[in-house]
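Peer 1: Heads up: the protein sequence lines correspond to chains A and B, in order.
So in our numbering, spot 285 of the first sequence is number 285, and the numbers just go up one at a time.
So in our numbering, spot 75 of the second sequence is number 75, and the numbers just go up one at a time.
Simulated from the structure, these hints should not be mistaken for lab results.
Being a predicted model, the structure only gives us computed values, none of them experimental.
Don't take every hint at face value.
To be verified - Label pairs and their in silico Cβ distance ranges:
1. A:284 - B:54: 58 to 66 Å
2. A:39 - B:113: 24 to 32 Å
3. A:360 - B:22: 40 to 48 Å
4. B:41 - A:39: 34 to 42 Å
Backbone N, C-alpha and C define an ideal beta-carbon position, used for all residues, glycine too.
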Amino acid sequence: MNEPQGAARAAAEAAVRASYGRLVAWLAWQWRDIAAAEDALSDALIAALTTWPRDGVPASPEAWLMKAAKRNLLKMERRRRFAEDPTLTVLHPAEHAATQLPPELPDDRLRLMLVCAHPAIEPSIRSALMLQTVLGLDAQRIARGFLVSPEAMTKRLVRVKTKIRDTRIRFEEPEACDLPDRLGSVLEAIYGAYTLDWDSDVSPGGEGLAAEAWFLADLVASLIPEDPEAQGLLALIELCEARKPARYDAVGESVPLDEQNPFHWHTALIDRAARRLHHASSLNRVGAFQLEAAIQMAHCSRLRSGVTPWSDIQNLYEVLLSLHPTVGANLGYAMACAYASGEAQQGIDVLEAVDPKVRESHQPWWATRAHLLAKAGRRDEALGAFDRAIALTRSQAMRRALTRQQVGLAGPVH
Amino acid sequence: MQFVLTFNQPMTEIERHENGADAAQALEPWKAYMSELSAAGVMRGGNRLAPPWTATTVRVRGGQRTFQDGPFAETKEIASGYIVIDVDSLDEALKWAERSPSSVTGSTEVRPVAMPPQ
Numbered sequence: 001m002n003e004p005q006g007a008a009r010a011a012a013e014a015a016v017r018a019s020y021g022r023l024v025a026w027l028a029w030q031w032r033d034i035a036a037a038e039d040a041l042s043d044a045l046i047a048a049l050t051t052w053p054r055d056g057v058p059a060s061p062e063a064w065l066m067k068a069a070k071r072n073l074l075k076m077e078r079r080r081r082f083a084e085d086p087t088l089t090v091l092h093p094a095e096h097a098a099t100q101l102p103p104e105l106p107d108d109r110l111r112l113m114l115v116c117a118h119p120a121i122e123p124s125i126r127s128a129l130m131l132q133t134v135l136g137l138d139a140q141r142i143a144r145g146f147l148v149s150p151e152a153m154t155k156r157l158v159r160v161k162t163k164i165r166d167t168r169i170r171f172e173e174p175e176a177c178d179l180p181d182r183l184g185s186v187l188e189a190i191y192g193a194y195t196l197d198w199d200s201d202v203s204p205g206g207e208g209l210a211a212e213a214w215f216l217a218d219l220v221a222s223l224i225p226e227d228p229e230a231q232g233l234l235a236l237i238e239l240c241e242a243r244k245p246a247r248y249d250a251v252g253e254s255v256p257l258d259e260q261n262p263f264h265w266h267t268a269l270i271d272r273a274a275r276r277l278h279h280a281s282s283l284n285r286v287g288a289f290q291l292e293a294a295i296q297m298a299h300c301s302r303l304r305s306g307v308t309p310w311s312d313i314q315n316l317y318e319v320l321l322s323l324h325p326t327v328g329a330n331l332g333y334a335m336a337c338a339y340a341s342g343e344a345q346q347g348i349d350v351l352e353a354v355d356p357k358v359r360e361s362h363q364p365w366w367a368t369r370a371h372l373l374a375k376a377g378r379r380d381e382a383l384g385a386f387d388r389a390i391a392l393t394r395s396q397a398m399r400r401a402l403t404r405q406q407v408g409l410a411g412p413v414h
Numbered sequence: 001m002q003f004v005l006t007f008n009q010p011m012t013e014i015e016r017h018e019n020g021a022d023a024a025q026a027l028e029p030w031k032a033y034m035s036e037l038s039a040a041g042v043m044r045g046g047n048r049l050a051p052p053w054t055a056t057t058v059r060v061r062g063g064q065r066t067f068q069d070g071p072f073a074e075t076k077e078i079a080s081g082y083i084v085i086d087v088d089s090l091d092e093a094l095k096w097a098e099r100s101p102s103s104v105t106g107s108t109e110v111r112p113v114a115m116p117p118q
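Using the sequences and the accompanying hints, generate a full structural model.
Peer 2: As structure tokens, then:
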């Protein structure tokens, strides 16, 4: 690649990273068609790669891309209308030409995310849809994160975009009474994308989706600074990220939280999350993400005190369960009960309360049960529970960690 | 744009509409719902369907024709009627579906009428 071409490509890539989501959001908002907005923008990018090396990189690459994408959309629209009505030879160019470029590109990304989290859209596809429309990730990369085939992911994304276009889902902000629920769905979809990496073998700095989800959480928190749950989600992710350096040992094996060396944690990030959580609590609306973050913050306090405050953690889980009962929270509560009281049986009793139909194939339930049975000294039952947990684990590193614990427990035969 | 709202109801509810003693009372919420739709000016048509035991399902396989008494499948909820409404967005159509008596007793399916192929 020669010099100007390289520079043009770099400029195009930088413009895309900085503003892909804002461009798609604005174009989709104008045309009510996400797929068409994405197509128009990708054609504009191809045009940029041929034009910029020849004519130089424009002063505002973003404005250039938007103008080009808008032209493409108008062309598509003209073709479509002409196909629908062949007698139509002149289009009303005034209709869209009147939409002058705003002096500053408004940030419609939150609105686009609210559309992605519409209640008429299946919750399991919302995360993927947001990653694609707001960050421009391709279906192949998203599919890898979700452990599905690229064909299946592409098909689902195309279908959902068609549904948004053909049913004319509202792009305007939801009504005030629906807004809190919709924002909650946006945050859940982001967290869903973030947690994908936990059960797969993505190494830190690898191509997982956690960094992309973190970016989205940061974006939402900065767009609505006065929403305590948006701050709570970001604090939660920051705390998980802060512990990442200690999550794997020198040979890449995963290390359980209570065995991690807290001096490998990222203290600046923990402090930032602490300030964020403090700000969120001052807004006086408690919610699941703030509580989850507070629990992780309590775990991180081991850095300074040297001990994990298990009874505080138990209390936080009680509030969380009363507000938002989930199996995940129940498992955390079981561990907290066992460690706060020093009696593993108390934790095992909590686990028994989980619906048998759900726990049957729930890997974390079996792993937690194995851990607590081992702590209670019920060796044979624990070995059996480890078998179940290992069979249900998709991540190689996690499977090795569980096998290590199981072998340690089986020990030399007496 | 036009949406079809299909009202699906459990057999017990359908039977209630067919039963002389209960029918008038069962119909009350539907009358109220239909007049709200007319008042809003969104109604474009629709019909109540006769009960499922009047249905016949036809299949032709390999040139062989079979008739089957009743609706096509054993489902918990059976279509009891449909309407066509004209509103601006799915969100508005969903709001109307939410108010249908069938959403409480069974379910209401909302689907846009297909656009002409591009």
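Peer 1: What are the numbers of the hints the structure violates, in ascending order?
Peer 2: Hints that this structure does not satisfy do not exist here, as all of them hold.
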